[in-house]
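Number of protein chains: 2
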Amino acid sequence: MEDAVRKALMYDFYGPLLTPRQQDIYEMYYGQDMSLGEIAEQLDISRQAVWDIVKRSAVILEEYEQKLGLIARHMEQQEHLAQVESCLKKLRRLIENQERAASIGALAEIEQLIHRIRFEA
Amino acid sequence: MEDAVRKALMYDFYGPLLTPRQQDIYEMYYGQDMSLGEIAEQLDISRQAVWDIVKRSAVILEEYEQKLGLIARHMEQQEHLAQVESCLKKLRRLIENQERAASIGALAEIEQLIHRIRFEA
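Protein chains in written order, with our numbering: chain A, 1 to 121; chain B, 1 to 121.
Looking at chain A on its own, in the form it has when it is part of the complex (with noise of 0.2 Å):
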């Protein structure tokens, strides 16, 4: 995964875990893209404090994943529904044409892949 893909999503599930302070400065970063010189003129303090919010953000966000591990199922997951789509497009085709084994072999993979989101989750 792309590290600024990785860093949004860090803050999507664990960003209320910072401090509100914390929780600006980061987004600011990482979601709007703001540079540091940016971000310090409007907080008016130093480039360096507010990179040093940052990377310590980061670090606590990082902690969170090794023990809690969302990000990691949450790509897991979508990995899954990805493979329920495209099972989605392949049964459509095959009613489509009326093949109705095929069809149903298809309808079973698919509750197969379900069945496993829902028990992994």
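Among the hints, a few may not be true.
A pair counts as met if it fits within one copy or between any two copies, since identical chains are not told apart.
[As the list claims (entries may be wrong)] DMTMM-like, lysine to aspartate or glutamate: derived pairs with alpha carbons at most 20 Å apart: (1) K89 x D3; (2) K89 x E109; (3) K55 x D44; (4) K90 x D24; (5) K89 x E111; (6) K7 x E96; (7) K67 x D12; (8) K67 x D24; (9) K90 x E109; (10) K89 x E63; (11) K7 x E85.
Because the hints were derived from the structure by calculation, they are not lab data. Keep in mind that this is a model prediction, so the values were computed, not measured.
Fit chain B to the known structure of chain A by using the hints.
Just chain B now, with coordinates in the frame of chain A:
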């Protein structure tokens, strides 16, 4: 949701954020369903100490849920997955009966549900 189920789910999601000691005691009490007296005896501490740790751990887990809402999100997703399963059952009957148009309608409904699950998660 039944309180005991919720307490167990809390531990599944946020358990790693407790100290090892809190984890052990919370898990004995809510996971293994041991009594305060049994835990106290096994760990050679007072019943009151066990109870304090159980209560304190439950508060900590609840605070994380207040901030991150993973259990609320999980329950919502489980509900949507149950809807998908019910639609799949309906679809199976329609395919078996060779009702092509209705099958495609049911399929579209499933596609929408899956899409919603993907992007709400």
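Hints, verified against the model:
1. Taking identical chains as interchangeable, the C-alpha atoms of K89 and D3 are never at most 20 Å apart, the minima being 31 Å within one chain and 41 Å between chains.
2. Taking the shortest Cα distances, K89 and E109 sit within 20 Å of each other both inside one copy (13 Å) and across copies (13 Å).
3. In this assembly of identical chains, K55 and D44 lie within 20 Å of each other by CA distance solely inside one copy; the values are 19 Å within and 43 Å between copies.
4. In this assembly of identical chains, the alpha carbons of K90 and D24 never lie at most 20 Å apart, being 45 Å within a copy and 48 Å across copies at closest.
5. Proximity of K89 to E111 under the C-alpha cut-off of 20 Å is found in both arrangements, the shortest distances being 14 Å within a copy and 9 Å between copies.
6. When the C-alpha separation of K7 and E96 is checked against a cutoff of 20 Å, the pair qualifies neither within a copy, at 43 Å, nor between copies, at 47 Å.
7. For the identical chains of this complex, K67 and D12 are neighbours both inside a copy (16 Å) and across copies (12 Å), given an alpha-carbon limit of 20 Å.
8. Taking the closest pair of Cα atoms, K67 and D24 come within 20 Å of each other only across two copies (16 Å); inside a single copy the shortest separation is 24 Å, beyond that limit.
9. Proximity of K90 and E109 under a CA criterion of 20 Å is satisfied in both settings, with 11 Å inside one chain copy and 15 Å between copies.
10. In this homomeric assembly, K89 and E63 never come within 20 Å of each other (Cα to Cα): the closest approach is 39 Å inside a single copy and 42 Å across copies.
11. Taking the shortest Cα distances, K7 and E85 never come within 20 Å of each other, neither inside one copy (27 Å) nor across copies (34 Å).
In terms of the numbered hints stated before, the structure departs from hints 1, 4, 6, 10 and 11, listed from lowest to highest.
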